[in-house]
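Engineer: Sequence:
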Amino acid sequence: MKKLTLNLRSIFAFTHDIFAVVFTWFAAYAFRFNFDIPAEHYANAYQSLWIVLFFYGLAFLFSRFYRGTWRFVGLLDLKRIFITVITTSIALNAPFFFSGYSFYIPRSILILHPILLILVIGGSRFMYRIFKEYIAYGSHNSSGSPLIIIGAEDAAVSLIKDIQKARAWNVIGILDNITQMHGREILGVKVYGGINLLPKITNAYKVKNVIILMTEARFQDRSEAINLANQLKLKVLIAPKIDDLITGKVTISQIRPIEIEDLLGRESVDLDNSGIKNLIKDKVIMVTGAGGSIGSELCRQIAKFKPNKIICFDISEYALYQLQSELSRLAINTETIYLVGDIKNKKSLEKILSLYRPALLFHAAAYKHVPMMEQNNVAEALNNNVFGTYILAKACQKAKVEKFILVSTDKAVNPTNVMGASKRLAEMVCQGMQKESGTKFLMVRFGNVLGSSGSVIPKFREQIKMGGPITITHPKITRYFMSISEAAQLVIQAGLIGDRGEIFVLDMGKPIKIKDLANKMIELSGFQKGEIAIKYIGLRPGEKLYEELLADQELSLPTSHKKIKTAKAKHFDARSLSKLLTWIESTNIYNENRIKKEMTKWVKEYNPYLN
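Residue numbers for the sequence shown follow our numbering, so the first one is 1 and each next one is one higher.
Watch out, some of these pointers could steer you wrong.
Said to hold, decoys possible - With a straight-line cut-off of 20 Å between C-alpha atoms, the simulated EDC-like cross-links for lysine to aspartate or glutamate are: (1) K161 to E185; (2) K306 to D342; (3) K400 to E350; (4) K344 to E585; (5) K398 to E436; (6) K520 to E462; (7) K304 to E335; (8) K235 to E523; (9) K459 to E380; (10) K604 to E548; (11) K440 to D573; (12) K513 to E543; (13) K208 to E259; (14) K208 to E523; (15) K351 to E402; (16) K281 to D270; (17) K283 to E335; (18) K568 to D507; (19) K565 to E547; (20) K304 to D270; (21) K520 to E224; (22) K465 to E523; (23) K398 to D499.
As the list claims (entries may be wrong) - DEER-style ranges, computed between Cβ atoms: (24) A91 to S145: 54 to 64 Å; (25) I178 to P199: 38 to 48 Å; (26) F54 to I115: 51 to 61 Å; (27) E317 to P199: 45 to 55 Å; (28) V340 to I11: 52 to 62 Å; (29) K513 to N591: 33 to 43 Å; (30) D282 to A204: 56 to 66 Å; (31) E185 to F31: 31 to 41 Å; (32) S124 to F31: 13 to 23 Å.
None of these hints come from the bench; they were simulated from the model. Predicted model, so just to flag it, every value in this text is computed and none were measured. All C-beta atoms, glycine included, are put in the ideal place defined by N, C-alpha and C.
Hey, can you work out the whole structure from these sequences and the hints?
Structural biologist: In structure tokens form, the structure reads like this:
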């Protein structure tokens, strides 16, 4: 039945287009002769019509006019109509000028007719779409809950259509700080003015809901809108995906309540897309720890630059399965290979690197949980984070990998915990291997990423869900935060600008008090002050009140990117590296306090917590 309906629609559309050819053929004559067509030209018009119908009928049948529906006609359909009509009109010149027909066709008719035909065929389709949309969405809905949209982005068009169709909300107006949009309308909804008008519009129309439609590039405007809406006690909703805002594809189903990550985000990162494309395109890229927060985001970002293959390597089969499921949904057009393995398995690594020959390797695999590594797992932290890095780096040298990018941490700076000290040692391993190496070793330090596994935000969210209390170690504790996507983008950018042996430090902005973070999350969850308790439990072993990005003896130098600096760290040579590896291999026979004490010989700035 559906196929029969589709065929009837195609027949109707074809019949409409044939009648349009006839109508516009005589209309062209009428315009040409000021609606007073001489008798001899009337006869010529009738005699030549069958040739015109034959050419256009044939062209329409072989065109792709009738695959789509008029209700969703767009610019692509108009382009097809234009090309088909113009091509056919050019083809029509041959029989009229070269075949010796007795009747005369004015050349102006052959110019005017295709213009009129494009207007009639294209215009009728667009008029039908306008009519159907009016029926579907109706006029301005005044029965729904009053709503303000902040941000006159392209995405506002698709969102307003969806809202008008659903009729649950009544879009009162749009606010935006872009002055060029003030006074204009989007689908009948007026752009009243700047964000500062929100209190006035809210009071006038009893608005309870606000939707924020702004990209990360407009972070200041977005922050202003969110803060003002919170002051007015409005329910703030936001579009989740920046890609959807850029492409203009946002629907009601994608709108969600605002979360703490939206408030802590920063301006979008400016990348050297051309340079990164040259670095990655058509090459094999490998990511260790690919199933983790940073590793998986690296895979997503790398895929945008069209590599030949992405090798996703992780010790957790479940993490890889989740990554595989997500990348499959994203439908990335890149071959992606998922490998379960351990960076400490030398033979396995050498086999993988020899088989796939990656040009770049991003090393994100590590034990990162500070309290977990501080007690009972000290030797394993060293073995994995340091010795594992060495085994992997050595295998990369053997396979002639062009660049090895180590994902490090700000906890490697003046460390007070095993995890941080082990990551500083991993940096030293890369420094020690750089000399006389064909592989370029680069290291990138940054702080906490929003929403990553093991971070405070998911933990606080769960505690709020359970009714509290939120547990914080100290009222003065602060941390740097950046989004996972920003961190991954800057790691890739550092991979581009790095040459050999550099330690890069990412601009983390200003540190944030964890106490303020917790209070903001409580507020966003709809609770009043005091309804969710905050409990201070004391600093955990190895934990610092604040993190640093440079060690006491280190200096930073600017790079070609404003959010990336180079740390001038103390040199670590190959001879020292050999001694370090010998020591690590012997640590399993030591107790944990002895390991921590001996680590201070290698990382002078390390201040260990001893049991």
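Engineer: Verify the CB-CB distance for S124 and F31 against the hinted window 13 to 23 Å.
Structural biologist: holds (19 Å)
Engineer: Checking one constraint from the list: CA of K440 to CA of D573, max 20 Å. Satisfied?
Structural biologist: holds (15 Å)
Engineer: Does D270 sit within 20 Å of K281, going by the straight-line distance between their CA atoms?
Structural biologist: Roughly 19 Å between the alpha carbons, so the hint for K281 and D270 holds.
Engineer: Compare the distance between the alpha carbons of K344 and E585 with 20 Å, and conclude whether the hinted pair is satisfied.
Structural biologist: holds (12 Å)
Engineer: Would the pair K465 and E523 pass a check requiring their Cα atoms to be no farther apart than 20 Å?
Structural biologist: holds (13 Å)
Engineer: Is it true that the C-beta distance of E185 to F31 lies inside 31 to 41 Å, as the hint says?
Structural biologist: holds (35 Å)
Engineer: So if I understand the rule, the pair passes when the alpha-carbon distance is 20 Å or less; does K398 with E436 pass?
Structural biologist: Holds. K398 to E436 sits at ~13 Å (cutoff 20 Å).
Engineer: Keeping to a limit of 20 Å between CA atoms, is the pair of K398 and D499 held or broken?
Structural biologist: holds (19 Å)
Engineer: Tell me if the straight-line CA distance from K520 to E224 falls inside 20 Å.
Structural biologist: Within the cut-off at roughly 15 Å; holds.
Engineer: Given the proposed pairing of K565 with E547, does the C-alpha separation stay at or below 20 Å?
Structural biologist: Cα-Cα ~17 Å, so holds.
Engineer: Would you check the hint for K400 and E350, treating anything up to 20 Å between C-alpha atoms as holding?
Structural biologist: The hint holds at about 11 Å.
Engineer: CB of E317 to CB of P199, is that within 45 to 55 Å?
Structural biologist: holds (53 Å)
Checked against the numbered hints above, the structure violates hints 2, 9, 25, 26; every other hint is satisfied.
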